[in-house]
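So the sequences go chain by chain: G and U. Here the first sequence is numbered in my numbering, starting from 3 and rising by one per residue. Here the second sequence is numbered in my numbering, starting from 3 and rising by one per residue.
Each hint should be verified, as a subset may be incorrect.
Stated by the list, open to error - Straight-line distance between alpha carbons at most 27 Å, and here's what the computed BS3-like set of lysine-lysine pairs gives:
hint: 1; chain 1: G; residue 1: Lys655; chain 2: U; residue 2: Lys649
hint: 2; chain 1: U; residue 1: Lys460; chain 2: U; residue 2: Lys601
hint: 3; chain 1: U; residue 1: Lys649; chain 2: G; residue 2: Lys580
hint: 4; chain 1: U; residue 1: Lys325; chain 2: U; residue 2: Lys460
What the hints assert, rightly or not - In silico negatives: residues of chain U with every beta carbon more than 10 Å from chain G:
hint: 5; residue: Ala55
hint: 6; residue: Val69
hint: 7; residue: Val91
hint: 8; residue: Asp336
hint: 9; residue: Thr356
hint: 10; residue: Val394
hint: 11; residue: Phe496
hint: 12; residue: Met524
hint: 13; residue: Ser531
hint: 14; residue: Met534
hint: 15; residue: Lys542
hint: 16; residue: Ile555
hint: 17; residue: Pro666
FYI, nobody ran anything at the bench for these hints, they're computed from the structure. Computed from a predicted model, the values in this text were never measured in an experiment. By construction, the Cβ of each residue, glycine as well, lies at the ideal position given by its N, Cα and C atoms.
Given next are the chains, with one letter for each unit.
2 protein chains.
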Amino acid sequence: MQLFIDNIIYFIPLLGLAALFFSYTKNVWITKQSTGSEKMTKISQHIRDGAIAFLKTEYKVLLWVVVIIAILLAYSNFGNDESSWLISVSFIMGAFCSGLAGFLGMMAATKANVRTTEAAKRGLGPALEIAFSGGSIMGMNVVGLGILGLSTLFIVYSNMDWDVTRVINVLSGFSLGASSVALFARVGGGIYTKAADVGADLAGKVIEGLPEDDHRNPATIADNVGDNVGDVAGMGADLFESYVGAIIGTMVLGAVFTSSQVPELNLEAVILPLVLAGAGIILSIIGTYFVKVKEGGNPQKGLNLGEFGTAGMMVVASYFIIKTILPESWMYNDFEYTSLGVFYSTLIGLAAGTLIGLITEYYTGTEYKPVHNIAYQSVTGSATTIIAGLGVGMSSTAFPVIIIAASIIGAFEFANLYGIAIAALGMLSTTGIQLAVDAYGPISDNAGGIAEMAELPKEVRERTDKLDAVGNTTAAIGKGFAIGSAALTALALFSAYMQQAEISIIDISKPIIMGGLFIGAMLPFLFSSMAMGAVGRAAKKMIIEVERQFREIPGLREGTAEAEYSKCVEISTNAAIKEMILPGLMAISVPVIVGFASKEMLAGLLAGVTTSGVLMAIFQSNAGGAWDNAKKLIEGNLNIDGIIYGKGSEPHKASVVGDTVGDPFKDTSGPSLNILIKLMSVVSLVIAPLIK
Amino acid sequence: MQLFIDNIIYFIPLLGLAALFFSYTKNVWITKQSTGSEKMTKISQHIRDGAIAFLKTEYKVLLWVVVIIAILLAYSNFGNDESSWLISVSFIMGAFCSGLAGFLGMMAATKANVRTTEAAKRGLGPALEIAFSGGSIMGMNVVGLGILGLSTLFIVYSNMDWDVTRVINVLSGFSLGASSVALFARVGGGIYTKAADVGADLAGKVIEGLPEDDHRNPATIADNVGDNVGDVAGMGADLFESYVGAIIGTMVLGAVFTSSQVPELNLEAVILPLVLAGAGIILSIIGTYFVKVKEGGNPQKGLNLGEFGTAGMMVVASYFIIKTILPESWMYNDFEYTSLGVFYSTLIGLAAGTLIGLITEYYTGTEYKPVHNIAYQSVTGSATTIIAGLGVGMSSTAFPVIIIAASIIGAFEFANLYGIAIAALGMLSTTGIQLAVDAYGPISDNAGGIAEMAELPKEVRERTDKLDAVGNTTAAIGKGFAIGSAALTALALFSAYMQQAEISIIDISKPIIMGGLFIGAMLPFLFSSMAMGAVGRAAKKMIIEVERQFREIPGLREGTAEAEYSKCVEISTNAAIKEMILPGLMAISVPVIVGFASKEMLAGLLAGVTTSGVLMAIFQSNAGGAWDNAKKLIEGNLNIDGIIYGKGSEPHKASVVGDTVGDPFKDTSGPSLNILIKLMSVVSLVIAPLIK
């Protein structure tokens, strides 16, 4: 048994390969499905081309960013020896895997969208199968590449004759690469998708009564491209970095239990996160087979069964894995660790993630009071709609934050800092299936768009709408996990930074730390304003272009001439690329500048950015989600005080304003903050040996 | 000389009395001025009655709150001896002085408003004189009652044969009383004024083309009452508590330099803040004589001369006062304090307040880019207007927070914790004139409202509008001081809490403290959502009442019948009273609950509430101010891309939505947060001896 445990690390890459192989078979299967009529194929080709064009442009810019950071890393001579350039290798690998995960996911999504539309002609079941398969390709690629990359590098570096702290420090470059690419991808993709979405929505105002996804709207292809580059590729890179960050954070904190300090342990606590993540892959693959729906049934049930089934299996598996790998108990720094304590911490993470997800659903779901309140306030116009939505977003921070605080305290009770890290990992161990469920949403959304543009029968659109609506709820739960895990991961990385920078205490009553706390807490506000400003500017350009096309292209208004879709795609692309640079560089450079000024101020800054970032992320995501669903609620004909309001009514117009304001909140700045807080922590962790 | 210094404390109450006497003479002078026509007098009487009715109702409720807290304080047996009930006396005195300051200020304002209108018939100069005199009554009452109350109690308690720590602990009840009343007054007044304002604005939608302040609008009296109970009485209580908080915070931190610890010092460092504040009173009185304007001139110049002139004199006076009272240098806890260092800290405070004020002006002034950007975005509708305003508000946090962080670090360098406290005091030492300038704004606003309702000639309204517009800028600068001083005062109180609770280090890497930080940072979000929700609910009731009146009162629409103004006043009053309770109690009870659970968690909570509260306050106040002025910019006919937009245009409608959203931001939740963070710190400070 001991021999098995000692060598278990060599099995981990195989689990990563298994995930990639699963993706591959799903991909082959999807490719075989019909893409429908010529018109549908052509539309989907437009979307695909636009998405590929964007990623190409984006990755070209990112290549420069990656090369420059890699050179800086290599020359900063971390370990003071000749092999210090290896951290650049980790960094490049991390950036590459992140980019690749996003790219593959997006390729799968742009294949699956039109095939979902075609399958929706046959029924709900076949449509769900294709949409979910498309999502699962994304999910499995993310976890597969994450595990494969991390474990392979770990094996290579472990043979370098370094001590384990050194190994993990060099390995943390992988996380830095992943986070850097993720931030740019999230911000760039987020700006793209919302510039196109807001632009397309407002363009509808130019021509009275132009419905959503109408093929005459020149911005409509850009809008659908946006779903893929923002909600799919951006989210893929986002979860890739969360996943990798949680694993690395746990490895760093587990590295203190080396055999020189704790006789009972060798590298078990370091390898444990990889093993748990690997088990999560297998269980996620099994979980995908639970996702099914019959005609007329509710797809929610199948998705829930997949997600919660996997989570349930994961609880059982974690218990046995932790019990097997870790010793019964050990002492370190006057704290008695137990394997059971570590297991409880994992449980806390899973429970906290689920709870936050359910709370998110309450604040953003159409069935509950908050969204109904926003809808009621829309009767008195857009101002009260906005006030109500901002209020819902702000109040929705209360319970998640209390849960996060309780999880921190609880996980720490059970297993100290290692407990906090493993709790984050607990939330993310089932990322494979969670991401599959998340990515299925935008695929269904796209499928509906294609149905509309191709002017297919109403029932097709109804089926894809049903899939899409379910996607909103599952996305809410996914966001809960993302935010909760971001908070815990950031704290784990924060503790890891303290260890590596040799800071034992961060006394907040010291002015330099308090100053750092203030500035750190401000950064999410500044970052959000940059992201929102970017969306506003890009959307404005889009509207001007749409107006130009309607003015200059004869026959466009009547539907006899084709719009110049690619011009709009180009505008979104250029704006997104240009606008993602400044916030991205800010996130990377601020910790470096502050860190070299004072490593303690940097600690204060990280604490500030984490707390305020989590709050702003929850506030913005939930306000945006609630506005979106308040609009949907009215579109489904809502009875307010005896009058029924529907599409086109005054309250509906007010709710559209709410939704438009919410768009950059929930899809650009909100989710980017999750990455921001982790990226800043990872940057600090990486530079820690230089500033200690 | 030494004898003079030893007895200087006995002169301080006289300076407080001087301020009250100045107020009294101004009041007598104003009362003598003409109230104009019968119609004007009647309207102003309506406003005055409404304001008095509201304060009566509010104070009745507050009486209960004060009595209950006073009993709890008396029974919690702080000093473990028989005189511990004296903290209740301090508390009641603080609450009483705060309420009285608000009441007197409001009485003066409701006297000055109609007389300003009448004087505006004669010219700009006479109107400014009355409006500003009305404001200065408020300003001098606030500082006079503050200094008189604090110094008298200090003299009494100093004769109790207690040690100085005990004296100041009992004295801090005064600050608690002031903060408690201030929070309820700010929240209640803020809800009142914005419910009436939003209600009145939206009621304008009910009847096409009903202009602002039209006498047919039943909510218009409530709206004008709101200016007095929110912007005057609320602000008076607010600044009273800031002023008192800054003085007490400095006294607590100065109390460590007693003769047993520092041979060179007796109580000089404790008395210094009172002396500086007393000097500020005299200089503020002198400053009021600088405020003058000629017909056709710009009132801004006179106000600036008054404000900056007083600040300049204060710098000189501080130098001599500090040099005279404090010894050249002394050692304490390995830190070398110098009188020059203390003076530099005062300077930092004054400079930081002015800088933050100027930045606030940049982000909210009609002459600068941010407001112009919002106005441009209004061309594409209310959604982009809202996005732009939120962006401006968020980005406006950056520089003020950096200045605050730098002030904390700088003031600490010069004079340790005492430096931070004295910097806050530096900002607030000229509160007398600052508040006079602040309170002059709503008086001018009211004067304009009366001119409109009484249907006076256009030129009268133009003159009051000119005064009002200047008021907006000066209010922005005042807000900068309020926010900056709140941050520093909260930190000073925070340090005072640590000392009294015997906490030497707050290690943020401890989970219990990190948990406190998270929950603390969340509270301003929850608090803001409560305040905004309250405004939304109350405004809705108001709109329904307005609709009812137009439906049921024959002749109202045509202007032949009078509206039932008092019904609307009643709705605002009841809503404000009902809705202020929950957020108010939350602010008081949370620190108590958390503090008894863990005094360290409470420290983390205070740090969180301070950082996030400052950010949310700046964000909301500036977003609201910027939206307001973007609307004003368009109302002054704005040329955007060659087209001139004015009142009634589509961009104007969009900007009205922005302004309506901004109303609760800038006048309810935003400014309440300043008090929230200090109230929580004061509550902690007061309970510190119980939980140490």
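Going through the hints against the structure:
Restraint check for Lys655/G and Lys649/U: the C-alpha separation of about 22 Å stays at or below 27 Å, so the hint holds. For the suggested pair Lys460/U and Lys601/U, the alpha carbons sit about 61 Å apart, so the restraint of at most 27 Å is broken. Between the alpha carbons of Lys649/U and Lys580/G the distance comes to roughly 36 Å, so the proposed pair goes past 27 Å and is violated. Between Lys325/U and Lys460/U the CA atoms are separated by roughly 55 Å; this puts the pair beyond 27 Å, and the hint is violated.
No Cβ of chain G comes within 10 Å of the Cβ of Ala55/U; the nearest lies about 26 Å off, and the non-interface call holds. Every CB of chain G lies more than 10 Å from the CB of Val69/U, the least distance being 30 Å, so the non-interface label holds. At roughly 31 Å, the least C-beta separation between Val91/U and chain G is larger than 10 Å, which holds for a residue marked as non-interface. The beta carbon of Asp336/U sits about 14 Å from the closest Cβ of chain G, which is more than 10 Å, so the claim that it is off the interface holds.
Remark: the non-interface label on Thr356/U is consistent with the geometry, its nearest Cβ contact in chain G lying 19 Å away (cut-off 10 Å). Not every C-beta of chain G lies more than 10 Å from that of Val394/U, the closest at about 7 Å, which undercuts listing it as non-interface. The non-interface label for Phe496/U is inconsistent with chain G: the shortest C-beta to C-beta separation is roughly 7 Å, within 10 Å. Residue-level check failed: Met524/U sits 4 Å from the nearest beta carbon of chain G, not beyond 10 Å.
Distance check for Ser531/U against chain G: the nearest CB is about 4 Å away, which does not clear 10 Å, and the non-interface claim fails. A beta-carbon of chain G comes within 10 Å of the beta-carbon of Met534/U; the shortest separation is about 4 Å. Non-interface call for Lys542/U relative to chain G: violated, since the shortest CB-CB distance, roughly 6 Å, does not exceed 10 Å. With a closest Cβ-Cβ approach of about 21 Å to chain G, Ile555/U is found to remain outside the 10 Å limit, as its non-interface label requires.
Distance check on Pro666/U: its Cβ comes as close as 6 Å (rounded) to a Cβ of chain G, failing to clear the 10 Å threshold; non-interface status is violated.
Taken one by one, the earlier hints fail for this structure at numbers 2, 3, 4, 10, 11, 12, 13, 14, 15, 17, listed in ascending order.
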